[in-house]
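Numbering follows our numbering, in which position 180 of the sequence shown is assigned residue number 180; successive positions increment by one, without gaps.
These are calculated hints, taken from the structure and not from any lab test. Fair warning: this is a prediction, and the values are worked out from it, not measured in the lab. One should not assume that every hint holds.
Here are the simulated DSSO-like pairs of lysine-lysine, each with C-alpha atoms no more than 27 Å apart in a straight line [what the hints assert, rightly or not]:
id, residue 1, residue 2
1, Lys136, Lys120
2, Lys123, Lys100
3, Lys136, Lys100
4, Lys173, Lys141
5, Lys100, Lys141
6, Lys100, Lys120
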Amino acid sequence: MPSLSYLSSATARLGAGGGGRRHALQHFNSRIRLQQKSGRMKKVQRYDYFLVLDFEATCENEKKMNPQEIIEFPVLKVNAQTYEIEDTFQQFVQPEYHPKLTRFCTELTSITQEDVNSAKIFKEVFEDFRHWMEEKVGLDKRFLFVTCGDWDLKTMLPSQCALHNIPVPPYCKSWLNIKKMTVRTLSTS
Numbered sequence: 001m002p003s004l005s006y007l008s009s010a011t012a013r014l015g016a017g018g019g020g021r022r023h024a025l026q027h028f029n030s031r032i033r034l035q036q037k038s039g040r041m042k043k044v045q046r047y048d049y050f051l052v053l054d055f056e057a058t059c060e061n062e063k064k065m066n067p068q069e070i071i072e073f074p075v076l077k078v079n080a081q082t083y084e085i086e087d088t089f090q091q092f093v094q095p096e097y098h099p100k101l102t103r104f105c106t107e108l109t110s111i112t113q114e115d116v117n118s119a120k121i122f123k124e125v126f127e128d129f130r131h132w133m134e135e136k137v138g139l140d141k142r143f144l145f146v147t148c149g150d151w152d153l154k155t156m157l158p159s160q161c162a163l164h165n166i167p168v169p170p171y172c173k174s175w176l177n178i179k180k181m182t183v184r185t186l187s188t189s
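Please put together the full structure from these sequences, using the hints given.
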């Protein structure tokens, strides 16, 4: 079982370190450890891959930004049998409606204005993500998105896609909210 430090260092080596992914990895790793300790870890895994996703978006302190835009699109492809990170998709996204990041946003996410200025716009990044899903994950494989909350795939991706008249792929409409799973696991222990 890989440690959190191993997952974090592997994430950094793959160029996807920083921001909120550390929290998503902590929840993911905690869930796996709880299952192993309790003996509930299934011998046969129903998924080939877990896709750990944690968007970063434009934001302002104590103020709702409308529209909020994805500024980092990171996904870790984790082998569901070995829990090894096999690949990563990570791109910054240039915001179009609010092109200048707030100081609060940079402090919260560690994403700089230079990161987004040199990035592709969402339509291009999303097309790259779709190609990555086809080539590196395989749409014929059994995979499950893992998020730290519902916001990423329930709210943010659909609203960002709607801004650009892009349909949300069916495979992005199902995910495991690791926060809810952790609460369920702890309440039944």
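The hints, checked one at a time:
Distance check on the hinted pair: Lys136 and Lys120 sit about 20 Å apart at the alpha-carbon level, within 27 Å; holds. Of the supplied pair hints, the one linking Lys123 and Lys100 holds, its CA atoms being roughly 19 Å apart against a limit of 27 Å. For the hint pairing Lys136 with Lys100, the CA-to-CA distance comes to about 33 Å; that exceeds 27 Å, so the pair is violated. Simply put, Lys173 and Lys141 have alpha-carbon atoms about 16 Å apart, close enough for the 27 Å limit, and the pair holds.
With a C-alpha separation of about 39 Å, the suggested pair Lys100 and Lys141 falls outside the 27 Å cut-off, and the hint is violated. For the hint linking Lys100 to Lys120, the alpha-carbon distance of about 15 Å falls within 27 Å, and the restraint holds.
When held up to the earlier numbered hints, the structure conflicts with 3 and 5 and fits the remainder.
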